[in-house]
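A.B. asks: Sequences listed follow chains Y and Z, in order. Positions 71 to 295 (the numbering used here) are the ones given, in order, by the first sequence. Positions 307 to 738 (the numbering used here) are the ones given, in order, by the second sequence.
Just to be clear, a hint being listed does not mean it is correct.
[Stated by the list, open to error] Partial list, computed: chain Y residues near chain Z (C-beta under 7 Å):
#1 M88
#2 P90
#3 A94
#4 Q151
#5 N152
#6 Y155
[Said to hold, decoys possible] Quick list of in silico lysine-lysine cross-link-like pairs, DSSO-like style, CA-CA up to 27 Å:
#7 K638/Z to K112/Y
#8 K158/Y to K686/Z
#9 K561/Z to K459/Z
#10 K407/Z to K496/Z
#11 K386/Z to K496/Z
#12 K459/Z to K407/Z
#13 K271/Y to K112/Y
#14 K112/Y to K158/Y
#15 K112/Y to K633/Z
[To be verified] Quick list of the computed label-pair ranges, beta carbon to beta carbon:
#16 T402/Z to E187/Y: 53 to 61 Å
#17 A735/Z to P173/Y: 35 to 43 Å
#18 T351/Z to L244/Y: 36 to 44 Å
Read the hints as simulated data drawn from the structure, not as lab findings. Built from N, CA and C at the ideal position, the CB exists for glycine as well.
This is what each chain is made of:
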Amino acid sequence: MILIVCLLGDGPVLAAEMPPDTMAARMQACASCHGAMGEGTKDDYFPRLAGKPAGYLYNQLIAFREGRRRYPPMNFLLEFQNDAYLHKMAEYFAEQRPPLPAPAIPTVSNDLLARGEQLATKGDPQRNIPACAGCHGPSFTGMEPAIPGLLGLRPSYISAQLGAWRYGTRTAALPDCMQLVAGYLTEDDVKALAAWLSSRKAPPDTSPLPRGSLPMPLACGSEPN
Amino acid sequence: MITRISGMILSAALISGLSVAVAAAQQPVTPPSAAPAPQPAKVPTDSIIARGEYLARAGDCIACHTAPEGQTFAGSRAMKTPFGTIFTSNITPDPTTGIGKWTADQFYTMMHTGRSIDGSLLYPAMPFASYTKVTRDDSDAIFAFLMSVPAVKQANRPHDLRFPYNNRSLIIGWRTLYFNEGEYKPDATKSAEWNRGAYLVEGLGHCGMCHTAINALGGSSESQAFEGGLIPMQNWYAPSLTSNKEAGLGDWSIKDITELLRDGISHRGAVYGPMADVVYNSLQYLSDDDVRAMAIYLKGLAQGSSPDRPSPPLPTAETSLLVSLGKPIYDKQCASCHGTEGAGMPPHYPLLAGNQSIQMSSAVNAIRMVLNGGFPPGTKGNPTPYGMPPFAHVLSDDEIAAVVTYIRTSWGNRGAPVSARQANELRSATLN
Numbered sequence: 071m072i073l074i075v076c077l078l079g080d081g082p083v084l085a086a087e088m089p090p091d092t093m094a095a096r097m098q099a100c101a102s103c104h105g106a107m108g109e110g111t112k113d114d115y116f117p118r119l120a121g122k123p124a125g126y127l128y129n130q131l132i133a134f135r136e137g138r139r140r141y142p143p144m145n146f147l148l149e150f151q152n153d154a155y156l157h158k159m160a161e162y163f164a165e166q167r168p169p170l171p172a173p174a175i176p177t178v179s180n181d182l183l184a185r186g187e188q189l190a191t192k193g194d195p196q197r198n199i200p201a202c203a204g205c206h207g208p209s210f211t212g213m214e215p216a217i218p219g220l221l222g223l224r225p226s227y228i229s230a231q232l233g234a235w236r237y238g239t240r241t242a243a244l245p246d247c248m249q250l251v252a253g254y255l256t257e258d259d260v261k262a263l264a265a266w267l268s269s270r271k272a273p274p275d276t277s278p279l280p281r282g283s284l285p286m287p288l289a290c291g292s293e294p295n
Numbered sequence: 307m308i309t310r311i312s313g314m315i316l317s318a319a320l321i322s323g324l325s326v327a328v329a330a331a332q333q334p335v336t337p338p339s340a341a342p343a344p345q346p347a348k349v350p351t352d353s354i355i356a357r358g359e360y361l362a363r364a365g366d367c368i369a370c371h372t373a374p375e376g377q378t379f380a381g382s383r384a385m386k387t388p389f390g391t392i393f394t395s396n397i398t399p400d401p402t403t404g405i406g407k408w409t410a411d412q413f414y415t416m417m418h419t420g421r422s423i424d425g426s427l428l429y430p431a432m433p434f435a436s437y438t439k440v441t442r443d444d445s446d447a448i449f450a451f452l453m454s455v456p457a458v459k460q461a462n463r464p465h466d467l468r469f470p471y472n473n474r475s476l477i478i479g480w481r482t483l484y485f486n487e488g489e490y491k492p493d494a495t496k497s498a499e500w501n502r503g504a505y506l507v508e509g510l511g512h513c514g515m516c517h518t519a520i521n522a523l524g525g526s527s528e529s530q531a532f533e534g535g536l537i538p539m540q541n542w543y544a545p546s547l548t549s550n551k552e553a554g555l556g557d558w559s560i561k562d563i564t565e566l567l568r569d570g571i572s573h574r575g576a577v578y579g580p581m582a583d584v585v586y587n588s589l590q591y592l593s594d595d596d597v598r599a600m601a602i603y604l605k606g607l608a609q610g611s612s613p614d615r616p617s618p619p620l621p622t623a624e625t626s627l628l629v630s631l632g633k634p635i636y637d638k639q640c641a642s643c644h645g646t647e648g649a650g651m652p653p654h655y656p657l658l659a660g661n662q663s664i665q666m667s668s669a670v671n672a673i674r675m676v677l678n679g680g681f682p683p684g685t686k687g688n689p690t691p692y693g694m695p696p697f698a699h700v701l702s703d704d705e706i707a708a709v710v711t712y713i714r715t716s717w718g719n720r721g722a723p724v725s726a727r728q729a730n731e732l733r734s735a736t737l738n
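Looking at chain Y on its own, in the form it has when it is part of the complex (with noise of 0.2 Å):
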């Protein structure tokens, strides 16, 4: 119906050029709000893709597909692509590694960052809460095959997600182990989290820990055992 329509009887016509062959010239699409590598953009709201584990990736891609997790842009991009397309964006975008943005400066007082880090390194046990580390892992890259890696993303979107996992617009494989934490988390808690992550510098090796190198605190759907 919405036919691109090409007249080429009417202007000079070219030799045929053809864009590179490549996924980088073809996941352009992504690149105003991603970054044409996935290291993100000046943007506070739009997240870096690169080196997050490919299923981790492609499990988002699913689920903005289906509509699961809602943001509108995403979920009118991805409706007609099928799951091989979306296995080779996620492995694409995992494989990058653009160096990780300068650290957010915190804008906390010193005793909520002391409570994020509490709670990212420690976690909360009376109330439920595990540590990010303990599925993130202590340096906070994420392992494989699915848990996304923490670092280089700005304080705005990890609360905007923990906000999204609490109100049910972000959803993930039964049991959504996240719904879970994020529903333990106070105003306060996600604040203290979003701006003690995002202010952590870059360990030497950002890529994802090999898959069951950590022993996870709470079963999660997207990350079989």
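Starting from the structure of chain Y, add chain Z where the hints point.
C.D. replies: Frame of chain Y; chain Z shown alone:
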């Protein structure tokens, strides 16, 4: 997305029904008088089931009767309308929640007359006004295929329509005005291929659901068949298939039309938006012969009179300002793929110079492409499409208007300029 299209046609239909139903409401809803004679039950062969599966693809049953991540054909897909939400039905062979107790006769009656097995009227969101053209043999094959898929026990969700739109007798009015029952009648003066194409386009393909304007009473007028129209609510413009100034295919080669329909891209253009849905879920599965037949029929359609171009909505001075603002934006944001002269790199980066759809009187699709970007559908012929980035977050309303005006008026293009207000209005268009 077809579901939403159908939902809107339903909505429009209900409006039309409302005005007529006052007179028609007393008319009893009776089963069709010309019900086909019952036929003895036959055990379908594998080849009939396979043919039915193919025909179900041609009819795109799956797009509406399967919910996102739901079980195939189990229905319950939400179709949102301004009057409420309707939910598609379970068409798996489950005897209690699906169509397991139906007979081939009843299925044909439903397809042919738009009445369910209890005589109740179907909402015209179900394209029975097109499916009525389907032959008895083809209907039987589709039914045999549906009876062969896994039965799913999933009750139909009741429609959530507000009063008075929840009154099915309103449909009587719509039917009186817009429904012509009857199988496709071949035109003996045309080739077998043309007739096959016409049968698919007008029948199972139900192309007219979008490509014929929905008039003020919510029906599609036969005299305006395939002349195009804005798809209500979705804010995509379904171009005219009869006007060569829009998506009329009169001067396209059969090869280009075939590639567009089957692969989603061609050297003359690519499909996005609702048409990407149709290619993704239906047309890519059709045989080369059938797609070619549709192409021959569609090419032949493009002989009707073309609507006149509206006069430009903006004063000349404003237009030239927009064009001068648009060029630097185009050169910076668009030219790397589409070329400084709009030549593109077809089939992957569409040509813009001379592009019919960019010059159509409706600028909706051009504006939306710039705002939202998009990928052509992933198909067997084009499994890894090249995507266009969205610019909604990069360009202001003024900049969108400027660059779209530049594209619509440069390199010999003769489209009308667009205003920042038009661009702004489409920012809130439903995306999916």
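A.B. asks: Can you name, in rising order, the numbers of the hints this structure does not satisfy?
C.D. replies: 2, 3, 9, 10 and 11
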